[in-house]
Amino acid sequence: MSAPSSYEQAAGSRLYVWVWVWLLALTGVEVFLGYEHLPLNLMLTLLMGISVIKAALIVAYFMHLRFERLSLFLTLVPALVLCICLILIFFFPDSLRLHELRPQ
Amino acid sequence: MAEAHTQAVAGSRWSGGVAPYAIGSKKLGMWLFIISDALTFSALILAYSYVRVASPDWPTPFPFFPAIVYATVMTFFLLSSSLTMVMAVAAAHRRDHRRAVQWLLATMAGGAGFVLLHLREWLHLIHEGVRPFSNPWGAPLFGGTFFGLTGMHMLHVTVGVIYLGVIAWGFGRKRFSSEDVEVSGLYWHFVDLVWMFLFPLVYLLSIKMP
Chain B
1 MSAPSSYEQA AGSRLYVWVW VWLLALTGVE VFLGYEHLPL NLMLTLLMGI
51 SVIKAALIVA YFMHLRFERL SLFLTLVPAL VLCICLILIF FFPDSLRLHE
101 LRPQ
Chain U
1 MAEAHTQAVA GSRWSGGVAP YAIGSKKLGM WLFIISDALT FSALILAYSY
51 VRVASPDWPT PFPFFPAIVY ATVMTFFLLS SSLTMVMAVA AAHRRDHRRA
101 VQWLLATMAG GAGFVLLHLR EWLHLIHEGV RPFSNPWGAP LFGGTFFGLT
151 GMHMLHVTVG VIYLGVIAWG FGRKRFSSED VEVSGLYWHF VDLVWMFLFP
201 LVYLLSIKMP
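Protein sequence lines correspond, in order, to chains B and U. Counting in the working numbering, the first sequence runs from 1 upward without gaps. Counting in the working numbering, the second sequence runs from 1 upward without gaps.
Calculated directly from the structure, the hints in this document are not laboratory data. C-beta atoms are modelled at their ideal positions from N, C-alpha and C, and glycine is treated no differently. Wrong hints could be hidden among the right ones.
Not close to chain B: a few residues of chain U, all C-beta gaps over 10 Å, as computed [stated by the list, open to error]:
{"no.": "1", "residue": "Gly29"}
{"no.": "2", "residue": "Ala43"}
{"no.": "3", "residue": "Phe65"}
{"no.": "4", "residue": "Pro66"}
{"no.": "5", "residue": "Leu105"}
{"no.": "6", "residue": "Ala109"}
{"no.": "7", "residue": "Trp122"}
{"no.": "8", "residue": "Leu123"}
{"no.": "9", "residue": "Ile126"}
{"no.": "10", "residue": "Val130"}
{"no.": "11", "residue": "Ser134"}
{"no.": "12", "residue": "Asn135"}
{"no.": "13", "residue": "Phe147"}
{"no.": "14", "residue": "Val166"}
{"no.": "15", "residue": "Lys174"}
{"no.": "16", "residue": "Phe176"}
Among chain B residues calculated to face chain U with C-beta under 10 Å, some are [unchecked claim]:
{"no.": "17", "residue": "Leu33"}
{"no.": "18", "residue": "Ile50"}
{"no.": "19", "residue": "Met63"}
Only chain B is shown next, with the shape it has when bound in the complex:
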């Protein structure tokens, strides 16, 4: 059980408000990027990169994983990384290759 004391140390609602502000700011950047006419590969890389950063912020601070024991971190994070790799399998190699092949 996570000791309430560690929760209090870690807490300080100011930290969480800052994480929230960062998440909102990154969302704003994503919406802005959506309207930029960027090449597909750059757009995908930026959007997915920002999403992974946002997910990491949520897992680390809101879900408190940063303040848990290392063994829990080492058990959960590889599984989550695997899920993210699964999401990107088709988007990165195949979509870019097919995009190049297709007549514009």
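Once you have looked at the hints, place chain U on chain B.
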């Protein structure tokens, strides 16, 4: 019980051998559920990306208003409800029952706002003629992937609002512990996390350019 274990072994050289993660079984159970649920969403997103890559005429129908504005406001609702959830967990650990229930109710309001806005968006698309296997713009499976992905997520948000309601009711009556509030918070943050991927993949990559 886990706490007693942890305390019993804390001073010995076997510290960690009994409870290697030093968290309660409910919390560990929720984490394991989250991993399996993450795999479910990954599979749905994988299917979406496969169909999208395989279709030459994928529609990009979302205009700035209402779709993108609504989706951005929905993202704001979910992120803010995550913040109020963190406050609820902190209050619960301080044994401040009244404040914890108030924060939980605020979190539920954020989730309900999200679902209502999203349903409006759904009705709008259905009104425009989008069906799971046909739509007026192009690749017929656009509707299937859109409704499948966002519907699965909306189901999670709806279940989450009900779950938080049960937790708020029980914690307010001191039947549930602060750990129960924390575990429900893990679920809620995960639902928020999934939306962080769905928002760019479903909406921002399908913007109707002016």
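A quick look at each hint next to the structure:
no. : hint   : result
1   : Gly29  : holds, 13 Å
2   : Ala43  : violated, 7 Å
3   : Phe65  : holds, 13 Å
4   : Pro66  : holds, 14 Å
5   : Leu105 : holds, 18 Å
6   : Ala109 : holds, 16 Å
7   : Trp122 : holds, 21 Å
8   : Leu123 : holds, 23 Å
9   : Ile126 : holds, 24 Å
10  : Val130 : holds, 20 Å
11  : Ser134 : holds, 23 Å
12  : Asn135 : holds, 21 Å
13  : Phe147 : holds, 19 Å
14  : Val166 : holds, 20 Å
15  : Lys174 : holds, 16 Å
16  : Phe176 : holds, 14 Å
17  : Leu33  : holds, 7 Å
18  : Ile50  : holds, 8 Å
19  : Met63  : holds, 5 Å
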